[in-house]
Every structure is written in structure tokens, then in C-alpha cells.
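Protein chains in written order, with the working numbering: chain A, 1 to 370; chain B, 1001 to 1405.
Be careful, since some hints might not be right.
Unchecked claim - Computed cross-link-like contacts, EDC-like style, restricted to lysine to aspartate or glutamate with a CA-CA straight-line distance of at most 16 angstroms:
hint: 1; chain 1: B; residue 1: Lys1356; chain 2: B; residue 2: Asp1399
hint: 2; chain 1: B; residue 1: Lys1227; chain 2: B; residue 2: Glu1214
hint: 3; chain 1: B; residue 1: Lys1321; chain 2: A; residue 2: Asp276
hint: 4; chain 1: B; residue 1: Lys1383; chain 2: B; residue 2: Asp1371
hint: 5; chain 1: A; residue 1: Lys289; chain 2: B; residue 2: Glu1402
hint: 6; chain 1: B; residue 1: Lys1383; chain 2: B; residue 2: Glu1365
hint: 7; chain 1: A; residue 1: Lys273; chain 2: B; residue 2: Asp1078
hint: 8; chain 1: A; residue 1: Lys287; chain 2: B; residue 2: Glu1214
hint: 9; chain 1: B; residue 1: Lys1138; chain 2: B; residue 2: Asp1310
hint: 10; chain 1: A; residue 1: Lys319; chain 2: A; residue 2: Glu300
hint: 11; chain 1: B; residue 1: Lys1275; chain 2: A; residue 2: Asp276
hint: 12; chain 1: A; residue 1: Lys74; chain 2: B; residue 2: Asp1399
hint: 13; chain 1: A; residue 1: Lys287; chain 2: B; residue 2: Asp1399
Because the hints were derived from the structure by calculation, they are not lab data.
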Amino acid sequence: MRGNNIMGIIFANLHERLISELTEVRIMGAVPFGGKYRLIDFPLSNMVNSGINKVGVITKINYQSIMDHIGNGKAWDLSRKQGGLFILPPFTDQSNYSNRVSTLNSIRPFLENSTQEYVVLSDCDTICNIDYQDVCRKHLENGADITLVYKRDQLPEKLHDPTVLSFDSKGKVIDVQISNNITGSCSYYTNMLFIKRELLMELIDKCISKNTLNFKRDIIQGEYKDLNIYGYELKGFSPVITSMSDYFNANMALMNEDIRADLFNSDNPIYTKVRDDMPTKYGLGSKVKNSLIANGCIIEGEVDNCVLFKGVHIGKGTKVSNCVIMQDTKIGADSNLSYVIVDKDVTVKDERTLMGYLSYPVYISKGSVV
Amino acid sequence: MYPKQEVVAMLLAGGQGSRLGVLTQKLAKPAVPFGGKYRIIDFPLSNCVNSGIDAVGVLTQYQPLVLNEYIGSGQPWDLDGNNSGVSVLSPYQQVKGADWYSGTANAIYQNINYIDRYNPDYVVILSGDHIYKMDYSKMIAEHKANNADCTIAVIDVPLAEASRFGIMNTNPDGSIYEFEEKPEKPKSTNASMGIYVFSYDKLRKYLIEDEETEGSSHDFGKDILPKMLADGLKMYAYQFEGYWKDVGTIDSLWESNMDLLDPNVPLDLTDESWKIYSRNPVVPPQYIAETAEVQNSLIADGCSISGSVDFSVLFSNVVVKPGAVVQDSIIMPGSVIEEGAVVQYAIVSENTVIGKNAVVGARPETIVDKDQWGIAVIGDNLKIGAGAKIAPKAMVSKDVEEVEE
């Protein structure tokens, strides 16, 4: 059943600095992932699969790539008369998108004019398949004011302002620490939360009036004693992308069958923009092992342990191993690539050798000619 | 009244395609999957859009559910305009009674109202069972330049095969003086491709006349075209060069799929300027496992390959388990080839499971009596039990039980 009392808001450009190479020409939400997706496909699809029919996508600057990708929302069934997809760029002069609180304040008319009782907020840095209906259920059971989606794991090294939560036996938040110096396994907030729309607006108003504009410090840390804030544990495959190496590892993790079954769960599929590529052509003498490959590729060489996006060509006699190769990149004949992240539309000519290392994959930027 | 469309295309998609046996038991021939992700109808529909034709009527009759659902709003082909796009036209009840489409011409006749709404100058008649890429706008331009009443697309076929086709005998200027249906001794090798451009005023008149002619089979090839020729209308042949294949039989369907693997066959589906559009399933990319061996094959997203695949076309969500072998075969969406199974020279329809160590089809060189050899065909949603053997040329429409060893 589609349609419920929840709306979604996605912050499509936060955390870019952590993977600055990939975000030089695009915002976080438009970062390619997993052979045919962009990071925003995950929160968008999760919301749609949870019955959410109205989604606002907040974009601050350089949002051409995301507009091109999501278009009118048709691929997510969000091209609708009731609700649908709303792209929310800043309104010149009057908007302040410099922090999360001011941004939410700037889109206040969008929040005010909505009729849904609840709001889900999400960023694009966590790749997961989550059912917000279940979050909603727990939220109501707990009688919560806010439900924070958290992960129980080691803190990702470069996570900005990690917000570590402690709970009582019922899952209510009883302590909030914002610190990078926590070692070992802990429960940290994933920038996904569930809240009543009215309450969100109230809290934003309060912050604006007091000029306390840090969402984590002034809302989560500032309010947990007065409000009922509960946690919802995010289980299953759910990497948070805070570095190029996280990005590389998250792509490589898709070689695991269980992880694919979890993330690309066919009951809650991940939607993405369609491009009408033909199926992938494996040439005579091609050798492919342990790789995830999208439609539209032409493979004549050897591919081992790689993610190939749509329309990649691998020439004769070429060997690529442990690489992430994005859309429409063409690699000529007799080349050798290992531990390389190759961005879109790159041309690697014949007889080239590019080598990175597991802990430091080499990155080739969009449109380069090697 | 709709804004005028200079050209309206009418796509005949009502045929049963009985020669495709189990493949068309539940769906019409134009809906048969082709080339790893397409259905046959994607080719004429994409040709229309790429040729700038915005109004397309699709005439359906036999088993229309899958086809209707597939065409839907026409959005995958950009055929969902405000005042134009694709319309599915099925037979309907009229004041004087209800009729099935009794022939190709009758099907168009019954939808004169649909064509009239667009007030077109030209109507293109297409069929839904050919694989080809063609710019109809060039054919229409030639039709206009010749000031023709009817233009028929022809392709040069080998003389030995010419007697299987309708042959157009032409004067040096391309005008047609004779039309021979499957002649024993063909005078030329210009075979009709079943693609016609008509000036609509003439077509309309002849359709109405034909409808009133007693004993007419209401068929373009048998009735309308010969009548037009006899009446001295200006009829021209339009020479088409390129890949064109009628996929009306198991052998030709199999061959045409295999042609996609041959770099020398001029059917390039990667050409950005003439894309073939289709409805795309929502599936993750394909995964090729450590144990897999894949060569010279076309594989679609959603597949998971752990066995050996060679000279084959695999549609979305096909699973080939470790130790399974697929050679020279076509596996349609969602089918599973279990461990140790061997599938050779076969077409396996959708969502069928080939059990462990089962053997489907055989290589021609292993069969002594060549008359016994052919492509094995397995229907959709079937279960072929472990260890079962399906002979070459077999056509399987029921589950096959496990064979104990």
C-alpha cells in the first residue's frame, strides 16, 4: 500500500569534503555507486518503499548533476499529482543554507504547506535499505518525540561531529556525546531521524530565536533531557561513506551475495534513473571473475574483482582488477589497472598501466584522458 | 479534434505467432522477449519515435494482456504526449455488432476513427514481428518525392529464398508493375518487408471499398495492394539496406538473437543516435562469480552467473549456478539453471527452473540423424526435474519430473 502520513526530506549536499575527489564535479547525492546507482537513490527508494509519497530534496549549490539524475521523480514513482518530488534549492537573498538548522528554517514554507503528520530526515552518506514504516511503528510504540536511527559499530574515522548515544533499557536516549575520541563499538547517530512535522518546526523556531544553530548540539544534545528521544538500530549492510577508502570498500562489499540480497532486496528495490543501455556484451576471450557489472558494457579483456558501471569498455588484452570504473569510461587494449577508481567518461588509451593500493586506491577524475 | 499529425503509424500486433509454439501460448508474438532485454515490439516502436512519428496505434487481438501492460502509457518510448503517443487498439463492440479483426486491412478499417482524429497525410503500416532498425522518415520522403499513393519497403534477399516472400517487380524508376506472392520462379529478389506508406486519402477509400467487397479476405497483401495496382495507382518500392529479420519461427528467433553476438552483423544496439528503448526492470547490476566462465554472450542486469555461459543471450534475473553450462542458448527473464545442468541449443522461456544435472537440447554434431536435431524450447514457469533429459527440437509445455539416477 502506498500513501501514509509521512513526508521525507533529503539533504543531498552534505559531507562532500570527505570525498572531495568524487564531489569536485557533483554533490554528495549524485556520487555514483554500485554499478548503476547514485547515493541519493538509497534514501529516495527507501522513502518510496516505505510508502512516503512526498519528498523534498535539499540542494545548495552545484545541483545540476542531481537535477539531471532525479528529473521529475518518475523513476521513483514520485511524479505525482498528490505529493511527489520537490527540489528545494535556496531562494536567493532570503535563504540561509549554511547549516542544517538554518536550511530547515529556509524551507519552512514547504514544511508548513505539507499536511503529513511526520517527517523523515536523511542525508546521502549512509548506504542502506531501511523500512521507515518500521521506524514509525517503533516511534509510536515508544511514544517518542524523536526517533534517531543509529548504528552500533566502531566510529568511522573521519565522521564529522560523531553523535554517540547511550540508552536506558527501553531504548530511550539518556546521554549524548559529540566526540571523535570514542574507541570501540558505540551507538552513533546516522543523520536519519523521525519526528512530528509540527515539533520539527517548533524546535527550528526555538533554535533560530536563540541563534543556536547546531542541529546535533542544540537539538539532539540540547533537548534529550526534555523530550522523549529514542533510538532505532540500523542493522544489515549500511556503510557510512566518510573517505575514499570507505567508498571503495563499500563498492567492493557488493561482491558478497548476502550483502547484495540485503541491499537490493527485491521486495524493497532500489530505483534509479533508466538509461536504455543494451545488455552487456562479453567478447570472445573475455575473462570475468567476481565482478558486478551494469548493462551497456563491452568487455573484451580480463576483469577481476571490479565494479563496472553502465557503458564501460574494456579492450582486448587489458586486465583490470580491484577497480571501480564509472559510466562510459573506455579502456583501450593491453592496459593494466589495479586498485583504481576511474570516474565517468575517462579514456584510458592502449598500453597504459595504473596501480593503486588497497588502502589508497588511485583516483582518475571525470573526463580525463590517460 | 487533435492537432494534425502528418504521419500516423499503425502497428499490426494482433497475430498469434503460432509457429513460436509455447513461447506465444500466453502472449502475442510482438511481446516475445528478444535480445537480452527487449521485446520484439520495442523495435518498431523505437523506430517510430526515432523517425519522428508521434502517433502510433497498436492493433492487438490475440492474448493482449502482456502486450497491453508492457506498452502501458508509452512512456518508455516517449510515446505519452498530451495529444499524441501510443494507443492500444483492440477490437470493440459497435452499433451494428462486434467483430474480431478479420484481416490486416479490416483491423485498420475498424480503426479509421482513430486515424481520422489526427487528419494525417500519410499512414505507415508496420508489423510487430520483425527485428530491424529503419528510418521511416526517409521512406516517407521518398514517397513524397515520387508523389506516390503507396510505397512498399523491400529488401534484397538471396534468389534461393525469394520464393518464401512477397516479391515486388519494379521498373527502373522503382515503380511497381507486378506483385507476386511467394512465386515459384521469382523474377526479382525484392522481397516485401510488410512495411507500407500510404497517402491516407487513397488508403481510406480502398479500405472502405474492400470492406464492402464480398469474398475479400481483408488483407493488405492479398486484397488492398493488388487492387491498387490493378487500378493503376502510383506504387513504388523503397529499397532498404541493413539488417532485417522476420522472427516468426523458432529457428529465426534463435538466429536473430545469436546475430547480436556476431560483430559482423549490421545490427548495432549501442548506437546512441538510434536507441532501441524498452521498459527496464528494476534490478541491480549483473554479478559474475569467481567460478563463472563467460564468453561471447549478452547478459542483462540482475543476472547472477556462477557457471559457464558461452554464445548465449541471458535476460534479466537469470541465475546460472556453479557447474551449470549454457551454450548457444537463449534464457528468458528469471529462469534458473541449477548445478550441473547442461543447456545447449535451446530457448528457455521466463521463470523456468532447469533442475540439477538436467540436460536440455544437444549440439548438432552429436546427433547422427540431422532431422532429429533442432532448437529445444521450454515454456514459461515450468520445472524441469533434476536429471531429466529434453531432446533437441522438443517443445516442452509441462513440468518434467525428476529422473533418479
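Hint check:
Proposed proximity of lysine 1356/B and aspartate 1399/B is supported: the alpha carbons are some 14 angstroms apart, at most 16 angstroms. A threshold of 16 angstroms between alpha carbons decides the hint, and for lysine 1227/B with glutamate 1214/B the separation of about 14 angstroms falls inside it, so the pair holds. For the suggested pair lysine 1321/B and aspartate 276/A, the alpha carbons sit about 27 angstroms apart, so the restraint of at most 16 angstroms is broken. Only pairs whose Cα atoms come within 16 angstroms are accepted, and lysine 1383/B paired with aspartate 1371/B is rejected, the gap being roughly 27 angstroms.
As the CA atoms of lysine 289/A and glutamate 1402/B are separated by approximately 32 angstroms, the hinted pair breaks the 16 angstroms bound. About 28 angstroms separates the Cα atoms of lysine 1383/B and glutamate 1365/B, which puts this hinted pair outside 16 angstroms; it is violated. With a CA separation close to 15 angstroms, the supplied pair lysine 273/A and aspartate 1078/B stays within the 16 angstroms bound. About 64 angstroms separates the Cα atoms of lysine 287/A and glutamate 1214/B, which puts this hinted pair outside 16 angstroms; it is violated.
Under the criterion of a C-alpha separation no larger than 16 angstroms, the hint pairing lysine 1138/B with aspartate 1310/B is inconsistent with the structure, at around 38 angstroms. Pair hint lysine 319/A plus glutamate 300/A holds up; C-alpha atoms about 10 angstroms apart against a cutoff of 16 angstroms. Note on lysine 1275/B and aspartate 276/A: the hinted pairing holds, with a Cα-Cα distance of about 8 angstroms set against a maximum of 16 angstroms. Pair hint lysine 74/A plus aspartate 1399/B does not hold up; C-alpha atoms about 39 angstroms apart against a cutoff of 16 angstroms.
For the proposed pair lysine 287/A and aspartate 1399/B, the alpha carbon gap of about 35 angstroms is over 16 angstroms, so the pair is violated.
Violated hints, in rising order: 3, 4, 5, 6, 8, 9, 12 and 13; the structure is consistent with all others.
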